[in-house]
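> Listed below, chain by chain, are the residues.
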Amino acid sequence: MIALLWRDLRLATRTGGGLGLGVAFFLILCTLVPFGIGPDRAALAPVAPGILWVGALLACLLSLDRIFALDHEDGSLDLLATAPLPLEGTVAVKALAHWITTGLPLILAAPLFGVLLQLPVQAMPWLVASLLIGTPALSMLGAFGAAITVGLRRGGMLLSLLVLPLYIPTLIFGAEITRRGAEGAATGTPLLFLAGITMAVLALIPFAAAAALRVNLR
Amino acid sequence: MSLLAVHDLAVSRGGLRTLEGVSFTLEPGQALILRGPNGVGKTTLLRHVAGLQDPLEGRIEMAEDAAAYAAHADGLKTTLTVTENLAFWAAVFGGAGIAAALEAMDLSALASRPAAALSAGQKRRLGLARLLVTGRPLWVLDEPTVSLDAASVARFAQVVRAHLGQGGAALIATHIDLGIPEARVLDLSPFRARPRRVMPSRPAGFNEAFA
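Read top to bottom, the protein sequences are chains A and B.
For the first sequence, our numbering assigns the number 1 to the initial residue and increments by one for each residue that follows.
For the second sequence, our numbering assigns the number 219 to the initial residue and increments by one for each residue that follows.
Honestly, I wouldn't trust all of these hints.
Label-pair ranges, simulated between beta-carbon atoms [said to hold, decoys possible]:
| id | chain 1 | residue 1 | chain 2 | residue 2 | range |
| --- | --- | --- | --- | --- | --- |
| 1 | A | A185 | B | S330 | 54 to 60 Å |
| 2 | B | R231 | A | E73 | 16 to 22 Å |
| 3 | A | R154 | B | R231 | 22 to 28 Å |
Short derived list, chain A residues pointing at chain B, Cβ under 10 Å [said to hold, decoys possible]:
| id | residue |
| --- | --- |
| 4 | A3 |
| 5 | R10 |
| 6 | L11 |
Rather than coming from a laboratory, the hints here were simulated on the basis of the structure.
C-beta: ideal position from N, C-alpha, C; glycine also.
Bound conformation, chain A alone (with noise of 0.2 Å):
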């Protein structure tokens, strides 16, 4: 396991690996933003929390048919699925490498971004420990819907169609934390909440995920 974690995470950083591609994404966004709602800083510091939680959810979309797809080409998967790793394993280890991938540099990035959106100080703490919660379960999640559309052509889209609504108690939860943060309010309920959904999805997808692709590679 600690093998294909390695494997994946170089992959990721060879040439193509798409590494850095989401954190792009979310800082174009962030710029987009101010654009269009206007540098007002009344206008843009209560819609903050929210844009940017939206931000990384995109960006984390935008690799996620990365996961299999590219080892189901290649006949890598029908090899992993023969080795002796429990596929459920294999699925986990590979929303782990997407997330160290793609959450962790979209969490160190976020801070940064947020001042770009005008949020106030008192928040970051709270946006970063969101989004540190909140985005291991956008990976998993990810895993699953990757794992649902792996034999398909161009699933990519289909793909985003099914993830996204799974990714929306993850996005109340977390743009709320932030948003009670930059109010100075109690953060306590969004957060135990938060860290109840991302644990549920840590737990079960792996199993939904394993299923899924053994239908698919028969």
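Chain B: place on chain A using the hints.
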């Protein structure tokens, strides 16, 4: 104890029955070559033996984690080097002997090249070298010699014979003469599934009503 025993197997591809009534056994040290025209179901049968699909009927008996599968696609990552590709599969399967595997398939000189810079035949040789690092006794090979030159085919036959000599077994679908004289040959054409008589789905009186 045979390595692989297939009893009265029926398989389907894309919902269509392709083969039925296939039975054979494979003992350690034996090789079985599957022949048959395109589309008869050689690949489908091999995918069943590899455990990727479940049979319609019949059963496949073999020890768990005995089979190493080599399909049409080699499962190579083009941005990784030859050694990195092989080392990954060795780590996954818990096998060893990367250097020996490279030597056996004549890839030592290419060890540090990215797989993207290999020719089709060299990629195939790397795909086959993977079998050696899996440490599994039963090789399930789907047209292993595609894009190999004559010398490489001979080299590959040597590798397979060495594997048989160590108590391994091989199930190979191929159209050419591999040069493994001790291998048995199984022609799959007689096992082609007969098209089932389609049961009339309309009530008997349906046509009469419009007559």
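> Enumerate the violated hints, using their earlier numbering and listing them in ascending order.
none
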